[in-house]
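What follows is the residue order along each chain.
Number of protein chains: 4
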Amino acid sequence: MINVGIVGISGYTGKFLLKILLNHPKVRINYIAAGSTKGKLEEIHPEFIGKSDLVCDEFDLQKATDHCDVVFLAVPHTKSIEITPGLLKAGKRVIDLSADYRLKNADTYQAWYEKAHTDPQSLAQAVYGLPELYKEDIKNARLLANPGCYPTAAILALAPFVSTQTRNIQTIVIDAKSGVSGAGRKATLSLHFCEVNENFKAYKVLAHQHTPEINQCLSQLAQDNVDVTFVAHLLPINQGIYETIYVHCGQAVNAEKTHQLYTKFYKTEPFVRVLPLGQQPEIKNIVNTNYCDIGLAAKGNLLVITASIDNLVKGAAGQAVQNMNIMYGFPENTGLTQ
Amino acid sequence: MINVGIVGISGYTGKFLLKILLNHPKVRINYIAAGSTKGKLEEIHPEFIGKSDLVCDEFDLQKATDHCDVVFLAVPHTKSIEITPGLLKAGKRVIDLSADYRLKNADTYQAWYEKAHTDPQSLAQAVYGLPELYKEDIKNARLLANPGCYPTAAILALAPFVSTQTRNIQTIVIDAKSGVSGAGRKATLSLHFCEVNENFKAYKVLAHQHTPEINQCLSQLAQDNVDVTFVAHLLPINQGIYETIYVHCGQAVNAEKTHQLYTKFYKTEPFVRVLPLGQQPEIKNIVNTNYCDIGLAAKGNLLVITASIDNLVKGAAGQAVQNMNIMYGFPENTGLTQ
Amino acid sequence: MINVGIVGISGYTGKFLLKILLNHPKVRINYIAAGSTKGKLEEIHPEFIGKSDLVCDEFDLQKATDHCDVVFLAVPHTKSIEITPGLLKAGKRVIDLSADYRLKNADTYQAWYEKAHTDPQSLAQAVYGLPELYKEDIKNARLLANPGCYPTAAILALAPFVSTQTRNIQTIVIDAKSGVSGAGRKATLSLHFCEVNENFKAYKVLAHQHTPEINQCLSQLAQDNVDVTFVAHLLPINQGIYETIYVHCGQAVNAEKTHQLYTKFYKTEPFVRVLPLGQQPEIKNIVNTNYCDIGLAAKGNLLVITASIDNLVKGAAGQAVQNMNIMYGFPENTGLTQ
Amino acid sequence: MINVGIVGISGYTGKFLLKILLNHPKVRINYIAAGSTKGKLEEIHPEFIGKSDLVCDEFDLQKATDHCDVVFLAVPHTKSIEITPGLLKAGKRVIDLSADYRLKNADTYQAWYEKAHTDPQSLAQAVYGLPELYKEDIKNARLLANPGCYPTAAILALAPFVSTQTRNIQTIVIDAKSGVSGAGRKATLSLHFCEVNENFKAYKVLAHQHTPEINQCLSQLAQDNVDVTFVAHLLPINQGIYETIYVHCGQAVNAEKTHQLYTKFYKTEPFVRVLPLGQQPEIKNIVNTNYCDIGLAAKGNLLVITASIDNLVKGAAGQAVQNMNIMYGFPENTGLTQ
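Residue numbers (numbering that gives the first Met the number 0), protein chains in the order written: chain A, 0 to 337; chain B, 0 to 337; chain C, 0 to 337; chain D, 0 to 337.
It cannot be assumed that every hint is accurate.
Where chains are identical, the list cannot tell them apart; a pair therefore holds if satisfied intra-copy or between any two copies.
[Unchecked claim] Straight-line C-alpha distance at most 16 Å; calculated EDC-like pairs for lysine to aspartate or glutamate: (1) LYS256 to GLU194; (2) LYS37 to ASP226; (3) LYS62 to GLU331; (4) LYS50 to GLU268; (5) LYS256 to GLU57; (6) LYS78 to GLU113; (7) LYS185 to ASP118; (8) LYS138 to ASP223; (9) LYS298 to ASP226.
Everything labelled a hint here was simulated from the structure, so no lab data went into it.
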């Protein structure tokens with residue numbers, strides 16, 4: 000039984016961490032905090048009425064260190080940098096769901112997030128928490144940078160091919176679509192029901208901050224510079240990401256062999272499902288689960304990969320708990336099977 | 000050709016006024032304004048790109064009076080009171096879509112809208128703009144109080160019965176459901192897509208500000224005090240109101256006779272459709288139209304009336320234009336048939 | 000560890016039984032069947048890929064009795080009558096989610112379901128499975144009639160008041176709204192996405208087959224004849240029921256006392272949450288849970304009760320599992336807390 | 000005033016033809032028919048109550064030729080081939096919204112639609128009705144093949160670039176998303192509300208029948224063989240298409256120059272809006288209109304084009320009326336401005 004804390008419980012990611020961890024058999028939630036939201040959890044999120052007596056307050060380092068072995072940070076980017084050093088110094092483990100410790104290069108961080116990185120020391124030791132690729136590193140992580148939602152789907156969809164077919168690849172296009180919870184629980188007009196419902200649009204075209212995160216990881220896998228084209232779109236649904244990925248190659252792509260490559264690559268992974276050839280993922284099959292479903296198709300020199308995850312589960316809270324399980328030696332799917 | 004102005008173009012009602020009036024053959028939109036939104040119309044609402052060169056600014060009485068014969072006020076309640084007196088004084092006609100001039104009793108206004116009514120003089124001359132009941136008054140109105148969305152459906156659904164069966168009625172329950180645009184175009188968390196989508200809830204139970212408006216009009220029709228039970232709910236759709244109304248009577252209700260009563264009552268009205276017995280309204284049949292569809296059913300002493308309108312059209316902008324048509328002697332359905 | 004079977008896995012109720020029971024720690028699903036759907040479960044519902052090796056076939060009494068201790072019937076009404084007698088004869092317990100054994104009077108069944116009841120013998124021994132009211136009977140049930148979705152919410156919402164204030168009540172109106180899964184997984188035009196989305200309508204007005212079920216149970220509680228007014232509506236969401244109930248009384252209703260009555264009535268029930276006065280249920284707070292949330296308001300002689308459940312969980316599969324837990328002496332919430 | 004007929008009024012395209020043509024000032028709808036749907040229009044589509052006395056029956060060549068100058072065919076593919084020859088022989092003009100006369104090569108038709116083309120004679124004279132490219136041919140068309148919904152957006156999005164930058168283009172990827180009405184008004188389980196709502200998926204990956212239509216038109220514009228990659232997806236909304244198009248080039252693409260190229264290309268077209276650089280289309284801005292909105296972005300050798308239309312308007316019924324206007328010398332936007 001470990002003692003955990005969650006900072007940032009007013010957002011959707013924080014709420015999903017609560018939902019998952021309240022049912023986790025190896026965990027006791029001992030501490031919750033948020034930026035400006037205070038009060039009983041059941042008043043903040045009435046769905047928890049009768050399920051918890053937790054009370055939320057502003058983050059307090061002393062309280063957090065007194066009550067927790069590990070702290071989940073579900074806060075906006077640039078906030079984690081402020082909180083993390085103190086927790087690490089107190090010997091606590093940190094699972095950061097913000098973007099603050101994902102980009103290894105502090106200049107890249109500054110370029111995309113428009114703030115100087117003030118904690119390069121922690122950044123150097125942060126482990127990128129994509130369990131399917133970095134399980135060994137995760138086991139010993141003190142500071143875990145939980146991947147972004149779009150990058151999780153993109154990297155899982157591309158890893159087998161990019162790590163083995165590096166020289167064959169000419170261009171990679173990621174056409175990504177996300178449900179609205181991916182934009183956060185913010186009171187802005189652009190997320191008003193009537194602005195999103197029965198609508199669809201591209202946004203931050205060729206300028207989305209998840210692009211360098213995808214490139215960083217794929218370049219490492221390829222041991223070469225990879226530069227993807229990434230366009231994000233807003234889907235009028237609550238949860239779910241769908242990415243359709245087009246890989247143009249120098250030579251013909253064999254669908255069956257590629258399917259075998261993927262099946263083998265993820266053979267022992269509990270949360271990646273490579274679908275039979277001819278079948279495509281659907282968001283409804285993965286929503287509220289920690290799965291990443293992957294579909295494959297090929298024609299001539301083109302490989303088309305489709306991948307789908309729940310942005311709040313495998314794309315955020317679920318993956319964070321999967322990482323915690325690995326960090327503490329619990330079975331990887333503990334608390335994540337419903 | 001008359002010259003019109005619209006104040007409050009950034010909200011949904013203002014946008015629908017623009018949509019309707021830009022296609023109205025007898026109207027020239029000469030002036031637009033809004034509270035805090037400024038700039039070209041096509042930048043504020045990109046759907047108007049290529050359709051209009053209008054530019055929006057803060058409300059300016061001089062500009063409005065210089066350019067308009069009649070001004071539509073699609074502003075929040077308590078704002079119309081500030082604007083209307085000046086316009087009337089300058090000899091302009093005003094069609095007010097806010098709640099400011101609907102309640103004849105200034106104390107009732109203060110009780111429900113939590114602000115003293117500072118313009119009792121105009122209030123005294125305001126005409127309640129429900130064309131199916133007050134057409135003659137509307138013709139000569141200088142200040143027209145356009146009805147609320149819920150009251151429009153409720154009053155049209157009840158008028159034939161209440162005005163003829165007054166003594167038979169014991170209780171009236173109005174279970175009302177509205178699409179989200181009825182809540183306005185505001186950046187608030189409670190209207191965030193994920194808070195509304197796949198959700199449904201009652202709100203302001205027994206405390207909705209449209210209740211006195213319904214009671215005022217029905218009491219006048221009944222020439223007796225009518226006090227309805229009204230509960231509002233939020234539907235996860237963009238546009239549309241649906242009201243299911245339960246009238247318990249002292250004596251048995253005859254469905255066929257009631258249907259004849261309704262059919263006769265609305266025989267010459269272009270925008271009220273009394274459906275055949277056994278058929279119920281559906282929001283999809285009236286969305287983006289100025290229709291009010293009404294269904295009837297009866298059993299024992301109970302009459303069940305269902306009514307549906309588009310809250311932005313018959314419940315706001317469409318009815319306002321219908322009123323304008325009557326005020327200016329245009330055919331009542333001009334600009335309202337698509 | 001008990002062995003269960005599920006008949007009717009192609010529908011939404013069957014799928015939710017699978018979802019819940021696959022994670023139930025005391026259960027082994029040993030048998031699945033469906034009317035016309037055959038094949039591997041993961042081909043029928045791809046969301047179960049990697050989670051189960053079950054194969055579906057037509058119902059076969061021998062196989063069912065060989066492999067199961069208890070069989071869940073998630074089949075259309077009139078089908079359970081055909082299957083149940085054989086299972087009971089073989090000594091198996093049956094949890095029937097159809098309407099076939101809910102109405103104690105075979106004539107009433109015939110009047111509303113348009114088929115003669117051919118199994119009056121089993122009907123006589125069937126237990127109505129609303130755990131909050133009939134827990135003792137459920138413990139020993141051989142044939143359990145799982146309540147309808149609308150009746151579950153209606154009865155839970157009314158039970159405390161009806162059972163104690165019988166003589167005070169004059170009329171009861173239930174304005175009920177249900178998500179689309181309540182209509183079943185059928186290929187009909189009226190359930191086509193574009194016919195339902197952005198729409199809302201009343202249906203089967205004053206003629207819904209759940210009415211006698213509600214009346215039967217409330218009359219028993221009141222020890223008097225209760226005859227509710229019930230109107231159903233179709234909500235454009237996947238899951239969730241919301242009922243707004245208007246109880247007109249002969250005397251004034253005290254909100255605080257009524258709230259105390261409800262709080263006390265459901266004090267030990269794990270799945271009924273009486274909300275604080277002034278707070279209303281929202282479907283999003285109970286979706287995918289087995290909760291029934293209840294809100295209360297009163298004014299003069301009127302009591303307004305709002306109640307919300309997930310039609311597929313507390314209104315079907317979840318309640319069926321809750322009943323199974325009681326029948327087998329497991330903690331009542333086993334497998335139902337996520 | 001011309002006399003028109005519509006065959007196939009039970010589907011969404013037929014319904015939108017009715018909506019548009021009932022308000023068209025130059026048109027009298029004299030004849031309606033459908034495959035298996037019969038009766039009064041207002042019973043088939045209650046939204047037309049009070050708007051039309053038309054009665055629908057099975058298609059009858061004699062009646063159609065007696066009452067119509069031009070007939071719109073909103074029927075499934077392979078049905079138009081049966082109806083068209085008789086109408087042409089009788090001297091009537093035909094606007095076919097099915098796929099039957101779009102592909103110039105009968106073998107290609109057979110390969111993608113799995114039926115031999117039995118009317119090569121009419122096919123030879125059919126005009127492809129994309130007004131922005133083929134206005135002169137449309138003026139004299141006797142048989143007009145109204146373009147597919149996906150091809151309309153794709154071709155308009157690509158025409159300026161493909162017709163001028165042919166040699167520079169290396170690959171074209173069209174990631175297309177469509178609202179559900181594009182799948183037709185069919186009673187199939189895959190279009191059940193709960194299967195589509197809160198879901199998203201790719202379908203017919205690399206195998207969609209609109210691919211050859213796009214290639215045929217672009218190849219003609221390029222005067223060279225063009226072979227696009229096309230993947231379709233199902234959006235959980237009623238109406239609207241969004242296409243994100245990735246054009247990899249041999250040389251750098253200049254965004255400003257490309258924007259000028261597009262602006263000039265569509266300068267005089269009333270229904271194509273090239274958005275300012277940096278702005279992207281949104282479905283909500285074009286829904287229920289005949290517009291095609293186009294956005295542009297570029298980076299290095301890559302051009303990203305976003306395009307959005309309403310599949311039922313510019314992608315079907317609206318474009319068909321636009322074509323009719325051109326065929327009869329009416330202003331191109333008659334009846335299409337609301």
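Which numbered hints turn out to be false for this structure? The structure breaks hints 1, 2, 3, 5, 7 and 8; every other hint is satisfied.
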